[in-house]
Amino acid sequence: MIETPTARLAFEDFGPAIPPRPAFGRWLAGTIAGWTAFVAFLLFISWLLLAIAALFARLGPIGAAVGNIVGLILILVMVTATLLTMADRKWSALMQDRVGPNRARLSIIPGLRNRPLKGIPHVLADVLKMLFKEDFIPEGAMNNKVLFNLAPLLAFAPAFMLFAIVPVSPEVTFLGQRIQLQVARVDWGILYVFALASLAVFATALAGWTSDNKLALLGGLRASAQLISYEVTLGLTLVGAFIAFGTLRLEEMARLQGMLGPALRSAVVLAARAGDFLVRDDSVLFGWLPSWGFVYQPIGMILFLVAAQAEIKRAPFDTPEGESEIIGYFLEYSGLKSGLFLIAEYAETVVVAGIVTTIFLGGYHLPFIEPTVVRHFDFAWLSVFQVFAFIVKMLFIIWVMFVVRWAFPRFRYDQIMRLGWKMMLPISLFNVALTAGIFLWAGREGLAWMGGIEWLAIIAFVALSARAPRAEEAPHASH
Amino acid sequence: MTVNLGPSHPAMHGTVRLIVTLDGETIVEAVPEIGFLHRGFSKSSEHSTWHQVLPYTDRLNYVSPILNNVGYIMGVEKLLGIKDTERSQYLRVLAGEISRITDHLTCIGAIGLELGAFTVFLYAMEARELLWDRISELTGARVTTSWTRVGGVASDLPPGWEQKLRDCLPRVMELTGEVDTLLTRNRIFIDRTRGIGVLSAEEAVDWGFTGPCLRATGVNYDVRKAHPYLVYDRMDFEVPLGASGDTYDRYILRLEEIRQSHRIVLQCLEQMPPGPILIDDWRYALPPKKEVFGSIEGVMAHFKLITEGIQVPPGEVYVYTEGANGELGFHLVSNGKGKPYAIQVRGPGLPILSALPRLIKGHAIADLIPIFDSINMIGGEVEQ
Amino acid sequence: MPRTDLSPGERLYLREAVRGMGVLARHFWKNLFGFRDPAPEVMERKGRGVNLVSTINYPEERKEYPPGYRGMHRLVPRLDGKPRCVACYMCATACPAQCIYIEAGEYEEEAIEKYPVRFEIDELRCIVCGFCVEACPKDAIRMDTGTHAPAVLSRPLAVFDKESLLRGPAVEHSTDVLTYRVPLKTPPR
Ligand code: SF4
Ligand code: SF4
Numbered sequence: 001m002i003e004t005p006t007a008r009l010a011f012e013d014f015g016p017a018i019p020p021r022p023a024f025g026r027w028l029a030g031t032i033a034g035w036t037a038f039v040a041f042l043l044f045i046s047w048l049l050l051a052i053a054a055l056f057a058r059l060g061p062i063g064a065a066v067g068n069i070v071g072l073i074l075i076l077v078m079v080t081a082t083l084l085t086m087a088d089r090k091w092s093a094l095m096q097d098r099v100g101p102n103r104a105r106l107s108i109i110p111g112l113r114n115r116p117l118k119g120i121p122h123v124l125a126d127v128l129k130m131l132f133k134e135d136f137i138p139e140g141a142m143n144n145k146v147l148f149n150l151a152p153l154l155a156f157a158p159a160f161m162l163f164a165i166v167p168v169s170p171e172v173t174f175l176g177q178r179i180q181l182q183v184a185r186v187d188w189g190i191l192y193v194f195a196l197a198s199l200a201v202f203a204t205a206l207a208g209w210t211s212d213n214k215l216a217l218l219g220g221l222r223a224s225a226q227l228i229s230y231e232v233t234l235g236l237t238l239v240g241a242f243i244a245f246g247t248l249r250l251e252e253m254a255r256l257q258g259m260l261g262p263a264l265r266s267a268v269v270l271a272a273r274a275g276d277f278l279v280r281d282d283s284v285l286f287g288w289l290p291s292w293g294f295v296y297q298p299i300g301m302i303l304f305l306v307a308a309q310a311e312i313k314r315a316p317f318d319t320p321e322g323e324s325e326i327i328g329y330f331l332e333y334s335g336l337k338s339g340l341f342l343i344a345e346y347a348e349t350v351v352v353a354g355i356v357t358t359i360f361l362g363g364y365h366l367p368f369i370e371p372t373v374v375r376h377f378d379f380a381w382l383s384v385f386q387v388f389a390f391i392v393k394m395l396f397i398i399w400v401m402f403v404v405r406w407a408f409p410r411f412r413y414d415q416i417m418r419l420g421w422k423m424m425l426p427i428s429l430f431n432v433a434l435t436a437g438i439f440l441w442a443g444r445e446g447l448a449w450m451g452g453i454e455w456l457a458i459i460a461f462v463a464l465s466a467r468a469p470r471a472e473e474a475p476h477a478s479h
Numbered sequence: 001m002t003v004n005l006g007p008s009h010p011a012m013h014g015t016v017r018l019i020v021t022l023d024g025e026t027i028v029e030a031v032p033e034i035g036f037l038h039r040g041f042s043k044s045s046e047h048s049t050w051h052q053v054l055p056y057t058d059r060l061n062y063v064s065p066i067l068n069n070v071g072y073i074m075g076v077e078k079l080l081g082i083k084d085t086e087r088s089q090y091l092r093v094l095a096g097e098i099s100r101i102t103d104h105l106t107c108i109g110a111i112g113l114e115l116g117a118f119t120v121f122l123y124a125m126e127a128r129e130l131l132w133d134r135i136s137e138l139t140g141a142r143v144t145t146s147w148t149r150v151g152g153v154a155s156d157l158p159p160g161w162e163q164k165l166r167d168c169l170p171r172v173m174e175l176t177g178e179v180d181t182l183l184t185r186n187r188i189f190i191d192r193t194r195g196i197g198v199l200s201a202e203e204a205v206d207w208g209f210t211g212p213c214l215r216a217t218g219v220n221y222d223v224r225k226a227h228p229y230l231v232y233d234r235m236d237f238e239v240p241l242g243a244s245g246d247t248y249d250r251y252i253l254r255l256e257e258i259r260q261s262h263r264i265v266l267q268c269l270e271q272m273p274p275g276p277i278l279i280d281d282w283r284y285a286l287p288p289k290k291e292v293f294g295s296i297e298g299v300m301a302h303f304k305l306i307t308e309g310i311q312v313p314p315g316e317v318y319v320y321t322e323g324a325n326g327e328l329g330f331h332l333v334s335n336g337k338g339k340p341y342a343i344q345v346r347g348p349g350l351p352i353l354s355a356l357p358r359l360i361k362g363h364a365i366a367d368l369i370p371i372f373d374s375i376n377m378i379g380g381e382v383e384q
Numbered sequence: 001m002p003r004t005d006l007s008p009g010e011r012l013y014l015r016e017a018v019r020g021m022g023v024l025a026r027h028f029w030k031n032l033f034g035f036r037d038p039a040p041e042v043m044e045r046k047g048r049g050v051n052l053v054s055t056i057n058y059p060e061e062r063k064e065y066p067p068g069y070r071g072m073h074r075l076v077p078r079l080d081g082k083p084r085c086v087a088c089y090m091c092a093t094a095c096p097a098q099c100i101y102i103e104a105g106e107y108e109e110e111a112i113e114k115y116p117v118r119f120e121i122d123e124l125r126c127i128v129c130g131f132c133v134e135a136c137p138k139d140a141i142r143m144d145t146g147t148h149a150p151a152v153l154s155r156p157l158a159v160f161d162k163e164s165l166l167r168g169p170a171v172e173h174s175t176d177v178l179t180y181r182v183p184l185k186t187p188p189r
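Keeping their order, the protein sequence lines are chains A, S and U. When the letters of the first sequence are read in order and numbered with my numbering, they come out as residues 1 to 479. When the letters of the second sequence are read in order and numbered with my numbering, they come out as residues 1 to 384. When the letters of the third sequence are read in order and numbered with my numbering, they come out as residues 1 to 189.
Hint data in this document are derived by calculation from the structure and do not stem from the laboratory. Don't take every hint at face value.
Keeping only pairs whose Cα atoms sit at most 16 angstroms apart, straight-line, the calculated EDC-like set for lysine to aspartate or glutamate is [claimed, not checked]:
1. Lys214(A) x Glu323(A)
2. Lys289(S) x Glu172(U)
3. Lys290(S) x Glu134(U)
4. Lys162(U) x Asp122(U)
5. Lys214(A) x Asp133(S)
6. Lys290(S) x Asp139(U)
7. Lys289(S) x Glu134(U)
8. Lys63(U) x Asp133(S)
9. Lys63(U) x Glu129(S)
10. Lys304(S) x Glu291(S)
11. Lys339(S) x Glu308(S)
Take these sequences, add in the hints, and give me the full structure.
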């Protein structure tokens, strides 16, 4: 590299141009080690969540609730949301052929000198930056200072509270305590989500209005209209699932998607006799299909994902933000307050992913291998693996949402409305009617058949719908 | 409600300010305000020799600088009544078409970026950087090329460059294809762009549109075909035409022009004859270094050319070439004193920008962004 | 270009959604499991499992500028270490940005009498056009350092004087030989 005289001059000034290319073997080993460490970390977190819940459960029922709040909301949601700010940038970098943020370093710690650490220190740097930025309140907002300051809190708090009803593990005995990783077990279940989610409207409307900024006001108006319209669709898409499972309680839904306690126990006994993979799992449909929600409700799942994406205002539904049009309803916020808006968005992503996992992806259930796991370990370990499975499924849904976010251009405001009212609402109503009809006629088995046919139809539709002739294949005018 | 968009606003690349009067979200009136990037091109060039104006032209349309270089130098050559060598003509076409690709890629990427499809932008940038790397190997700089000379070009193809270009063009086209996949048939994108910012052919002509924006309305006018210059008459390419003159047509037209320019580049590489890249006339072109170092005549010619500049006879010309955004015209006036008497540029962006209020009237504020991007205003050339 | 209407699949957003996400997912997985080759030349990155990432970590990895790149200036030394420049002011005349300042002086003992006492280039004014290199009749100024002008903290620091500009390998042309009165220790190549 340094043969040419000019390169030598550059070398004198700036040091070597290219670090040596890592050897393939070393890179492979590093990758495998990294993934192993990642999986181990997730397993550890799963264990930790259960352990915290068990520890607090010694203090009685209130202690159990506090333990769940600490474990799920403060650790699981908060940490995931914080890391997601980084993951969003890193993953988008990978989708866009970039390296992604890597300049923040923890050079003061001796062993970590000049290591990018996959960009994790950026989280720290961001938090520090937001903490130490001036908390600027524009003059026009001074009249409504209280409301102005309330808006970010109103965005932030509900986002975290939403997770309260999501069950992360079944009811198990862990470290001698009977626990379930779920903050609130309530009859109205998912209705709580709808109720709290609508609180977000206040945040955006207040932020837009009190900022005393025309662009922020436009953003606030767009956000309120959009959120209120999509509430309707959001609710209706899940009605099909309620019909299929016959309950509003998320923990019931999760339980119904795998083997119930006694069935699992007998399956374990059977597995001990007949070999691991010969056990007939009662919950498995047609002998091979896990009876997860997406089997019963394909349309419902897709619509729910879309509506949820709109409800949490992420691209392609981010018109309230629309950073190249109007800069967004949080335009006038600075420092930690704007940080609260941002983190609330990621927290909402986590919550939506959790709900989708619970209702449509079988919640914490592992497909097929649950009896085997119990036979080789025990029920406590099974629950660790189940929490692990939940987190992995949740991460997958988050990943899908991020891919959507980076793949598409933004809608226009009126087009969002058209999509919501003219397309999604009728389809979800149709879905409700169809699901109800089939359920009355043929029960859950029938719903599974319907779902299978719907999936096939969707795939065939996507694959076969002829692409109209490409414009560039058409004849050109030239002379 | 009146809203100020710009001069520092995420979508106003190239500093420009739009004073927009809104009724709800509908635009009642929009007044573009330019001048934030004014560099006094005409005035500064009166104080430099004909040759020294060249670097200024790099900075006109800074996304496709070589096209400006070529346009300006062709004007000077026309004043002088000389013709550059054949190889240099091919080189100019080659580099110019690469520049056109980079310009269109930037524009398409910006449309994607401002519509929220950030990935599209980065794919386009990746492709553009590949080409700009080739440009920098060829000319010595990515953007400020200053590559043409009176009677030729400054440097020949570096060794191995042709192969490199042939290697990277498929990758560029692949990335363009990915942009195509992500946007062209996407309903969200189509809803955002079809029927938005429509201008009829007559109106476009009246406004003085040229280039992709004019062709999007269906008018078949491309300087490269209508009045072939350099070696464009030997190239086999087609001029894509739009039908309705809306944002979508402007976008798809640029995509198609990238493919056509790709064809031209490949043809150039094939047809390019060997030979000198600069004319051997020491009145206009610097003598080769060997002569300067070794012979007294060379040194004399060299000194004379540098100190006095090229002696251009009095006269007045207007040359027009097909810039990336339309007809790029240079109006040069010489009084025979070695310095330009006056230089005016017909930047293709100005007439198009002046039609912006007409284009966006009645649309939603969100539509302003794709329209503004698709006309591809380049601050440098609008405000010389 | 006739416009084509959307097919039903495209109308429902689904088809393009799947295709678009497919493109992104392909990039994602390729880049996640790929092996980042830091070779700065993107087209040269080939081999097993190399991913598509096309950016480089700038200060640690740099892209070498191509040979013809117009970088930072240097004054070319003679074999005896003095600048080849004869202070003819050609570069200063040709410079469109007027950023070269020269003060001429005289050697006592040499055939080449003139030399620059001061030779300064204001790298902030410079527009990197390369006209000075083209204008020099002695091949005394070049822009082949392969670096760009470094960032500075105050404007005066961007004015580079003769001492800091005079660097790099010496250059000798066959036409130069006659100009030495004192024989050189190392004979010119
Ligand atoms: S590169 Fe151009 S601007 Fe810079 S010193 Fe040389 S002639 Fe002047
Ligand atoms: S660098 Fe070259 S052109 Fe400039 S004064 Fe010295 S000899 Fe003359």
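Going down the list of hints, with the structure as the test:
1. Lys214(A) x Glu323(A): 14 angstroms, holds
2. Lys289(S) x Glu172(U): The hint holds at about 14 angstroms.
3. Lys290(S) x Glu134(U): The given pair, whose Cα atoms are some 12 angstroms apart, holds under the 16 angstroms limit.
4. Lys162(U) x Asp122(U): Within the cut-off at roughly 12 angstroms; holds.
5. Lys214(A) x Asp133(S): Violated: Lys214(A) and Asp133(S) sit about 43 angstroms apart, past 16 angstroms.
6. Lys290(S) x Asp139(U): Between Lys290(S) and Asp139(U) the Cα gap is close to 11 angstroms, so the pair holds against 16 angstroms.
7. Lys289(S) x Glu134(U): Satisfied, since the Cα-Cα distance of roughly 9 angstroms is no more than 16 angstroms.
8. Lys63(U) x Asp133(S): It holds: about 10 angstroms lies between the C-alpha atoms, which stays within 16 angstroms.
9. Lys63(U) x Glu129(S): OK: Lys63(U) and Glu129(S) at ~13 angstroms, within 16 angstroms.
10. Lys304(S) x Glu291(S): 14 angstroms, holds
11. Lys339(S) x Glu308(S): Status holds; Cα separation ~9 angstroms.
In summary, the structure is inconsistent with hint 5 from the numbered list given earlier, while agreeing with all the others.
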